[in-house]
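Novice: Here is what each chain is made of, one letter per residue.
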Amino acid sequence: QVHLQESGPGLVKPSGTLSLTCAVSGGSISNSNWWTWVRQPPGKGLEWIGDIYHDGTTNYNPSLKSRVIMSIDNSNQFSLRLSSVTAADTAVYFCASTVSSNWAYLDNWGQGALVTVSS
Amino acid sequence: DIQLTQSPSFLSASVGDRVTITCRASQGISSYLAWYQQKPGKAPKLQIYAASTLQSGVPSRFSGSGSGTEFTLTISSLQPEDFATYYCQQLNSYPWTFGQGTKVEIK
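First to last, the protein sequences are chains A and B. To get this note's numbering, take the position in the first sequence, counting from 1, and add 38. To get this note's numbering, take the position in the second sequence, counting from 1, and add 108.
Incorrect hints may appear among the rest.
[Unchecked claim] Straight-line C-alpha distance at most 20 Å; calculated EDC-like pairs for lysine to aspartate or glutamate:
1. A:Lys-82 / B:Glu-213
2. B:Lys-211 / A:Glu-85
3. A:Lys-103 / B:Asp-109
4. B:Lys-150 / A:Glu-85
5. B:Lys-147 / A:Glu-85
6. B:Lys-147 / A:Asp-145
7. B:Lys-150 / A:Asp-145
8. B:Lys-153 / A:Asp-111
[As the list claims (entries may be wrong)] Examples of chain B residues lying across from chain A (beta carbon under 10 Å, computed):
9. Arg-132
10. Gln-135
11. Gly-136
12. Ser-139
13. Tyr-140
14. Ala-159
15. Pro-167
16. Ser-168
17. Asn-200
18. Gly-207
19. Gly-209
20. Val-212
If you are wondering where the hints come from, they were derived from the structure by calculation, not from laboratory data. Positions of the beta carbon are idealized from the N, C-alpha and C atoms, including for glycine.
Turn these sequences into a full structure, and let the hints steer you where they fit.
Specialist: Take a look at the structure:
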């Protein structure tokens with residue numbers, strides 16, 4: 039069973055850049071999964087941010103595309119950078135693995151990391 | 109983007125009740141639909157994928173059906189641990205999108 043764990047600053051200033059890392063254990067980031075970020079503003083629903091394959095191929099939500107960069111890092115982890123943040127980007131950020139063989143689904147999730155945008 | 113609309117947004121039910129949640133897609137998505145359960149302060153947990161396939165370890169009282177634009181999640185006999193918020197998600201075309209959620213509370 040793959041285990042995912044988010045890490046990064048819990049507080050980011052407006053107009054700054056949010057940076058999070060997801061560490062993958064119990065499996066290789068080079069397997070056939072896509073590696074995904076989802077966010078959830080306090081008290082609200084889920085929003086898919088995007089995903090990345092181990093070869094660096096990415097898919098981003100058009101609503102965030104101009105501000106998002108995802109990357110595969112060394113040591114079996116992947117990262118999210120979201121630039122020019124505002125209070126609207128305050129949310130719990132989840133990393134997840136997406137299976138996309140015959141069917142697609144998010145089968146494993148990290149516990150989530152709360153990021154607050156405030157001065 | 110494909111819009112998913114869940115109904116109801118909120119439902120109040122008792123232990124032992126049969127509960128059905130509907131998810132409607134703004135365009136056809138074949139069977140590329142998943143259902144997740146989320147409890148407060150926790151990550152979502154996959155319940156069903158491919159519209160009707162039960163994820164390993166999920167109790168058989170959960171079932172899913174539908175294809176195209178209309179889907180349902182049914183809990184045949186609601187248990188105390190089932191009180192949570194449920195989300196549908198389409199994975200037919202990017203960007204993947206979620207329904208707004210259905211909160212199941214104790215009557």
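Novice: Please go over all the hints and tell whether each is borne out by the structure.
Specialist: Against the structure, the hints come out as follows:
1. A:Lys-82 / B:Glu-213: 17 Å, holds
2. B:Lys-211 / A:Glu-85: 17 Å, holds
3. A:Lys-103 / B:Asp-109: 14 Å, holds
4. B:Lys-150 / A:Glu-85: Between Lys-150 (chain B) and Glu-85 (chain A) the Cα gap is close to 16 Å, so the pair holds against 20 Å.
5. B:Lys-147 / A:Glu-85: Holds, at about 17 Å.
6. B:Lys-147 / A:Asp-145: 16 Å, holds
7. B:Lys-150 / A:Asp-145: OK: Lys-150 (chain B) and Asp-145 (chain A) at ~15 Å, within 20 Å.
8. B:Lys-153 / A:Asp-111: Violated: Lys-153 (chain B) and Asp-111 (chain A) sit about 26 Å apart, past 20 Å.
9. Arg-132: 16 Å, violated
10. Gln-135: Where the cut-off is 10 Å and the nearest Cβ of chain A is about 16 Å from Gln-135 (chain B), the hint is violated.
11. Gly-136: Interface hint status for Gly-136 (chain B): violated (16 Å vs cutoff 10 Å).
12. Ser-139: 8 Å, holds
13. Tyr-140: 6 Å, holds
14. Ala-159: 9 Å, holds
15. Pro-167: 17 Å, violated
16. Ser-168: 18 Å, violated
17. Asn-200: 8 Å, holds
18. Gly-207: 8 Å, holds
19. Gly-209: 5 Å, holds
20. Val-212: 15 Å, violated
This entry does not satisfy hints 8, 9, 10, 11, 15, 16 and 20, going by the numbered hints stated previously.
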